[in-house]
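Visitor: Place chain B on chain A using the hints.
From first to last, the protein sequence lines are chains A and B.
Residue numbering for the first sequence follows my numbering, beginning at 689 and increasing consecutively.
Residue numbering for the second sequence follows my numbering, beginning at 2 and increasing consecutively.
Since the hints were made in silico from the structure, they are not lab data.
Misleading hints may appear alongside valid ones.
Said to hold, decoys possible - Coverage of chain B stretches by chain A, computed from C-beta distances (three or more under 8 Å per stretch; other residues unrestricted):
hint: 1; stretch: 13 to 19
hint: 2; stretch: 23 to 31
hint: 3; stretch: 41 to 53
By construction, the Cβ of each residue, glycine as well, lies at the ideal position given by its N, Cα and C atoms.
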Amino acid sequence: MRKPPVSSSAGSALRAWIGFALLVAAHFGVRPLVSGRVNVDFLVIAILFAAVRIRPGLAAVVGFAAGLAVDALAPGTFGAATLVMTGIAFGASWTKAVFFADHVALTGLFVFLGKWLFDIGYVVVGGSVHGVELVVLLLLWSTLSAALTAVVAIVLLTVFRPLYRPPTV
Amino acid sequence: MARSVRGGGRLDTGLVVACVALAVVALIMPQRNRDMVATALRRTVLSPLVALQNRAASVHAAIDGRHDVLVARGVAATQAIAAPGIADENATLRRLLGLASRLQDGFVAAEIVPTRDVDTDFTLTLNVGTSAGVMPFSPVVTADGLVGMVRDADAQSSFAITWAHPDFAVSAMSVNESAFGIVKPHLGTGAERWLLELRGVPFRAKLDTGTLIVSSGLGATYPRGIHIGTVLGEVATPEKWARTYLVKPSVLPAAIGPVLVLLPSRAARGVNGVWATLTSADSAARAVAAAGDSLARTAALDELAARRAALDSAVADSVARDTSALLVPVTRADSARADSVRRSRRPRSDSVRTLTVPPAAPVRVGPPPAGDA
Numbered sequence: 689m690r691k692p693p694v695s696s697s698a699g700s701a702l703r704a705w706i707g708f709a710l711l712v713a714a715h716f717g718v719r720p721l722v723s724g725r726v727n728v729d730f731l732v733i734a735i736l737f738a739a740v741r742i743r744p745g746l747a748a749v750v751g752f753a754a755g756l757a758v759d760a761l762a763p764g765t766f767g768a769a770t771l772v773m774t775g776i777a778f779g780a781s782w783t784k785a786v787f788f789a790d791h792v793a794l795t796g797l798f799v800f801l802g803k804w805l806f807d808i809g810y811v812v813v814g815g816s817v818h819g820v821e822l823v824v825l826l827l828l829w830s831t832l833s834a835a836l837t838a839v840v841a842i843v844l845l846t847v848f849r850p851l852y853r854p855p856t857v
Numbered sequence: 002m003a004r005s006v007r008g009g010g011r012l013d014t015g016l017v018v019a020c021v022a023l024a025v026v027a028l029i030m031p032q033r034n035r036d037m038v039a040t041a042l043r044r045t046v047l048s049p050l051v052a053l054q055n056r057a058a059s060v061h062a063a064i065d066g067r068h069d070v071l072v073a074r075g076v077a078a079t080q081a082i083a084a085p086g087i088a089d090e091n092a093t094l095r096r097l098l099g100l101a102s103r104l105q106d107g108f109v110a111a112e113i114v115p116t117r118d119v120d121t122d123f124t125l126t127l128n129v130g131t132s133a134g135v136m137p138f139s140p141v142v143t144a145d146g147l148v149g150m151v152r153d154a155d156a157q158s159s160f161a162i163t164w165a166h167p168d169f170a171v172s173a174m175s176v177n178e179s180a181f182g183i184v185k186p187h188l189g190t191g192a193e194r195w196l197l198e199l200r201g202v203p204f205r206a207k208l209d210t211g212t213l214i215v216s217s218g219l220g221a222t223y224p225r226g227i228h229i230g231t232v233l234g235e236v237a238t239p240e241k242w243a244r245t246y247l248v249k250p251s252v253l254p255a256a257i258g259p260v261l262v263l264l265p266s267r268a269a270r271g272v273n274g275v276w277a278t279l280t281s282a283d284s285a286a287r288a289v290a291a292a293g294d295s296l297a298r299t300a301a302l303d304e305l306a307a308r309r310a311a312l313d314s315a316v317a318d319s320v321a322r323d324t325s326a327l328l329v330p331v332t333r334a335d336s337a338r339a340d341s342v343r344r345s346r347r348p349r350s351d352s353v354r355t356l357t358v359p360p361a362a363p364v365r366v367g368p369p370p371a372g373d374a
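If we strip away everything but chain A, and leave its shape as in the complex, we get (with noise of 0.2 Å):
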């Protein structure tokens, strides 16, 4: 006899939400503590992971809230990531016919370029930086940091698949 759909599909939901809310605290209870110039984004991990599982609207809204729970905690730039995220959430939502195929590398990638894009909108947005610094900082330090996020959610993704897996049509 099957299960009901339904609470095949609250269970999913659930670990989903337990999976973004482990990355969240990930992102400010274990980020402090190996910081430096190349950074492992929690937050956008768990922003791209939630994206791809929810609508673009509701993925929308919780990059807004994201984005302002960063703002609120580092008020320089207010409003930046807010923008930033949003937009980068709605957009991996839109863009979640890629992560079907469930391939490792592919979700490397795209981590890759969620994280590059924020921190290049978070910059521009935030237009704090010029010249040469902003060259250096989107060129070296947010490409080492994207990749390092990246590979950090493909180790996430394989070691917690049950949190974390792409849901399946």
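Guide: Same frame as chain A, but now just chain B:
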């Protein structure tokens, strides 16, 4: 079905448009409103995350501290105690301790919470807040000088702008008080972004390269006498009635580590003399360094005290013998010895002079004169 899909699409579009609109509003609204919103969020829904972040920062600092201790021990064991990195860090911490001892009270030591890179938004997140007495507009300093100002404070954390922030400004003067002006960040490009400008200096006041610039105390935020930087040279500006000088900051971005936040009461009392001279800073640093060798120092002082006590008691005995011949009530040899022992703990150059006996009054015999009644 098609209507449902179309409806869902409209809802998605509506939500994302609303979110983007709110984000743009957040981006362009006045700074005061931004701070109010951010503070409200931190104090309500984000308070668990703030607490988590602060705890992580404290753990990070503890790990760093423990790591430094282990490194120092290892280095000491392998005669590398003078390794440049550790020596620099020790020097920084000693200078900070020296500053703390000169300030005496009215400050809070703070660690910087690593959130965003300070290079990008010129702000610092500190792990102390209103529960420790930190208030907005509290100056943030190191032993080298001024770092910036607290702009917003929560219960457990606070946010400060550094001197490189575009909103930063401090009323300043040359250390000899010959020129006054306003110090603001030099909004140049590249490495020049990390310099300051002393603007609005009267034309008659010419400053030489290397002149020390300190806060003037005008205004309510920064007390008088905090080091800001040194003059690098004059900048050509269209203003013909005033001069503008390029200033090298006293606190370099890479040197911003542990900081002190001056509480409002301390800032109101002033900090005259705290950053007075390099000599005093060095002596304070030496004193702190010497305190580390307290055991050896105590042993040496005890030995010195014992030697001086023996010498003083011998002198006191001879003095007592001489004065007893004059039939004058003088200090007992025991008390003299005890006094000399006490004095010997704080060696004085005039210790021999303290044993000099004053000339004795002549002993009078018979009834007192009539005038004494």
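Visitor: Against each hint, give a clear statement of whether it holds in the structure.
Guide: Outcome of the hint check:
Residues of the stretch 13 to 19 of chain B with a Cβ under 8 Å from some Cβ of chain A number 5, which satisfies the need for three, so the listed coverage holds. For the stretch 23 to 31 of chain B, the stated coverage by chain A holds: 8 residues have a C-beta nearer than 8 Å to a C-beta of that chain, and at least 3 were required. Coverage of the stretch 41 to 53 of chain B by chain A holds. Counting CB-CB distances below 8 Å, 6 residues qualify, and the rule asks for three or more.
In this structure, every one of the numbered hints holds.
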